[in-house]
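A.B. asks: Each chain, written out:
There are 2 protein chains.
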Amino acid sequence: MRICVAQARVRAAALDENFSFMRKAVIEAQQAQADIIVFPEMSLPGYFLGDAWERPSFLRRCEDLTQQIAALSTQTAILFGSVGIDWNARNEDGRVRKFNAAFLAQNGSIVENPGIGLPFWPKTLLPNYREFDDSRHFFDLRKLALERGESLESLTSLAPLKLTDGRQITLGIGLCEDAWDDDYSSKPYALMLKKTSHPDLLVNLSCSPFTLGKHQKRLSLFSRLAKTTGCPVVYVNAVGSQNVGKTIFTFDGQSGIYKDDVFIPVGNPFVAATQVIDISAPAVSKALTTEQSRFEEIHAALEFGLGFVREEWNLEKVVIGVSGGIDSALSATLHARVFGSENVYCVNMPSKFNSPLTISAAKALANNLNCKYASLGIEDSLALTHNQLAEARNQGLPIPSNTPSLVFENIQARDRGARIIAGVASSLSAVFPCNANKSEVTVGYSTLYGDHAGYLSPLADLWKSDVYGLAQHYNQNVFGTEIIPKSSLTVVPSAELSAAQDVTQGKGDPLVYPYHDALFRLWIESWNRHDCESLLQAWDNNTLSALLGPEAALLMSQMFQSRDAFELDLRKWWKAYTGMGAFKRVQAPPILALTRRAFGFDHREAVGLARM
Amino acid sequence: MRICVAQARVRAAALDENFSFMRKAVIEAQQAQADIIVFPEMSLPGYFLGDAWERPSFLRRCEDLTQQIAALSTQTAILFGSVGIDWNARNEDGRVRKFNAAFLAQNGSIVENPGIGLPFWPKTLLPNYREFDDSRHFFDLRKLALERGESLESLTSLAPLKLTDGRQITLGIGLCEDAWDDDYSSKPYALMLKKTSHPDLLVNLSCSPFTLGKHQKRLSLFSRLAKTTGCPVVYVNAVGSQNVGKTIFTFDGQSGIYKDDVFIPVGNPFVAATQVIDISAPAVSKALTTEQSRFEEIHAALEFGLGFVREEWNLEKVVIGVSGGIDSALSATLHARVFGSENVYCVNMPSKFNSPLTISAAKALANNLNCKYASLGIEDSLALTHNQLAEARNQGLPIPSNTPSLVFENIQARDRGARIIAGVASSLSAVFPCNANKSEVTVGYSTLYGDHAGYLSPLADLWKSDVYGLAQHYNQNVFGTEIIPKSSLTVVPSAELSAAQDVTQGKGDPLVYPYHDALFRLWIESWNRHDCESLLQAWDNNTLSALLGPEAALLMSQMFQSRDAFELDLRKWWKAYTGMGAFKRVQAPPILALTRRAFGFDHREAVGLARM
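Sequences listed follow chains A and B, in order. Just so we're aligned, residue 1 is where the first sequence starts under our numbering, counting upward by one. Just so we're aligned, residue 1 is where the second sequence starts under our numbering, counting upward by one.
It should be emphasised that the hints constitute simulated quantities derived from the structure, not laboratory data. Glycine residues also receive a C-beta, built at the ideal position from the N, C-alpha and C atoms.
Taking lysine to aspartate or glutamate and the EDC-like style, the derived pairs with C-alpha atoms no more than 16 Å apart in a straight line are: (1) B/K187 to A/E147; (2) A/K575 to B/E312; (3) B/K575 to A/E312.
Derived coverage of chain B by chain A (criterion: at least 3 residues anywhere in the stretch with Cβ under 8 Å from a Cβ of chain A; other residues may be distant): (4) 44-50; (5) 137-148; (6) 586-599.
So that you can see chain A by itself, here it is in the shape it has in the complex:
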């Protein structure tokens, strides 16, 4: 039996383009005499479409193209993902009933699912966590069972497939979450295996976003499925990038066939590929995967995601405010690699608070990256703004004559972001990124309409420690030379917006990075999320060090001499996280997601829950 695994590049809502990819792949599969070609979940319409699922005219176009795909199945059967529509029934929001479904086409037409009397196999388990909103848009097999008063088992059915040699086999078809059934009382694949005609092959159509470490989980989950059932498992995942507004996800593919304890991968991560695999042939023994280092994974996902955004949004040029610090240095590096050095312009915007150390680091970076560089100061504009504040005072506004430092710091940041960088970028038909890291975004350590501004925050799902780690990875393993200047890696992290942040005196950010990174991870990324109460309890129980890990625990012991000192710092940053941080995140640029908990749609939050 010859299976064509089509690791398709799926673009959200790009029906014609997705259809073209599919048609081309089907022709290839026919030429290779494949019995069946398998595409990812939602390979026709795309997956993260938000509430665009509510547009009947879009749904009708999906149906039209589904029929066109069916017409292509005269030789090779086609299994693909799209929206299954039952125009005679309603979703629970009152709109037309839609399913996240797999369609099987053979002999020029769509095969009816005998279990439910509809022309598709619906997803049974709908994820509603992290960035997923499946229940918002789709009905499912469990609800159908309840509505019809039948058991889920009776609605479960295998799909018949006639091979080119005339043999008839049966497929157990699931979609993504259907295989991730640990936390569900219903087990879709187990129900398929209870059917009298035992499935010959299990298939899983996925549209499963990349997350650090997720591929390892997939390997273990689908190997287990193949092993426990004795059936080969065809796993087909999309590649590309789709966004849910604030959060941009990449799709890494990692498709292949799990058989006889072996994983036969198709193509490379993040790259569209189709490959015909004869599963009758014995699988060649092969290590399950070559494990990538954490920074190799991050590097691949970031550059792929950034490249996709560039293409998707038709971007050509980028202006980057380079301060000499590590965040803007890494951001410039990433952009130079993805957009090309000739399309990246580095601008340094000194005030009297910027040290020669960081200014020369900024210039060296641009030089090393081979990017054009300009220096545009902000002192004249600050003086002008200062005068206009006095003018407002003279006109009767109760503006204090001594501008508090924080007010002046924010004026500087906005002058850089919203006046110079935005003006230069706009003049060049370019965009400019926000270089904030996850630690800063957590507590809102940035100025709205200043360094908070940008078309994208490529680093906002990386803790400050990871920013350093990734910068070192680039120098050591990607460039093999010091492209990111050593001084950017060694200078104390600082906004350089006041004399109190003078790096030449070792002064800088109020965050103690390895410690606060670890603390913030406990609030945001840990499975059972921590808050002030649980962490104070951990302090009291002496379990806090274990939670933080050795490096952060050591720092903690140096930073806090007492429980009170620990609590003061804890509550201060917690208030920033849930208050001003949350408020600023509402207006933050889109974020490239890497971890299990990226800000935005993957970390839904109300503003102002400081009292929790």
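Place chain B on chain A using the hints.
C.D. replies: This is chain B only, laid out in the frame that chain A set:
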């Protein structure tokens, strides 16, 4: 039987404060010898908490306070909403199992629900549309039925209540959506009524946000429930405001008892109130409600919402950039009413493109509102930025020497928003609003970090036509005099950022408001949402005029002489809506929700789906 309806003010995550309100209300109910006091859904923890539900320590505090509430129930029974937790079971995300639940406390302890063997009555129908995310956080009775292999009916049970006179009655308890069952195959209240001990009283605990026109729907739905079942229905809804990040919702209460064809309201909309009602007494016949006009409803919701935000976020002062146009005039008016004139500062920021007409309107507005006023020009700063762009060119950046008009328009807008207004506000410890209306937000007709910036967009759920209507409503019905200057109401809407937008020559916005408002509503607010294809079809079928309504249809017939002209305009704005508009909404300030479809969490969207 004496029922205390507690239309509680519920603050998100403010456990102690919510508990205090409840304790005080219970004491009042006891003094009034009520048999039972009923609080809203999630009256203890609040409802819109985002993923804060994932914090075990928060959940434990909810449980502790639930026990403390139980201890208060020695005389009057207490029915309230909180999170029901089953620590021994898991939600489908793998975390501890949580229910959106009603708790009944009597004789000092929590009453067990015999139907499921847990100490609460869970919500059966979980809404997953609009701003709701119930399935993300909560398990429900339907899933429990499936897991246990039992019918929903067998898990449905009534709650026993002993009255102070010794009689025993039964309650049918539902939570919010349980009564809105039209689109669900399961009907919770119908199942309660099938029980052998027919319920004596139906109760619905709600945390149901305000939407224009929703109260009328509630009246008809709950009257019907009371009428068809013959049971009185106690409807208790929260008041206050809770946000889901980008979108801020108000809760209007509108609690009361539906009995014998009569609605007995409790208190006033948006105002916390408790009231004891003896349902044994015959209900006095009363009209179901006095209908408010559309602008009365909007006015009440906007001022309440703005007031809540002010209190919740501890705001005192506001700076408003007043252009002389209608949006900033209405925004200043709203803020002056809610914050007090003495706390509102109006700043006009003219360039050479601003006409004396609008400048004098801005000044007159501040004068009429009794707000301090300042005029701070932007020409000097524009010249400085212009020079710095030349400097960048001299340093080798390929900046064109003729700045295109759009670039220069955006530089002006950002200079006003991010430099002057933000600087003045910051100096005054004030905030500044974004005055964009829904028509502008739809297509991104605003400058990021310029007029797009602000702490809140109070008008972003009002179409431009509604902005005019509400301004007139204020002048005519609220002030009874021309506070908002006539010239702001009559001048052509214009950004005044170039000579092409000269209002003295009648030039202004590219949007033709009554027409485009109606068009955009079809994309966003109509039940089955329209797109270019469906509207072109409507043009071909001659059904478009009916969809648009008479005023917009008349304009359309004047604007477009051909299908091609209509299509050109349609596709241009559709591209703006799904492309740049969506991109800018990601970074937009929070929006006060009024309609059935406010931008943000109520209108989830991916960026860049222009091709749909």
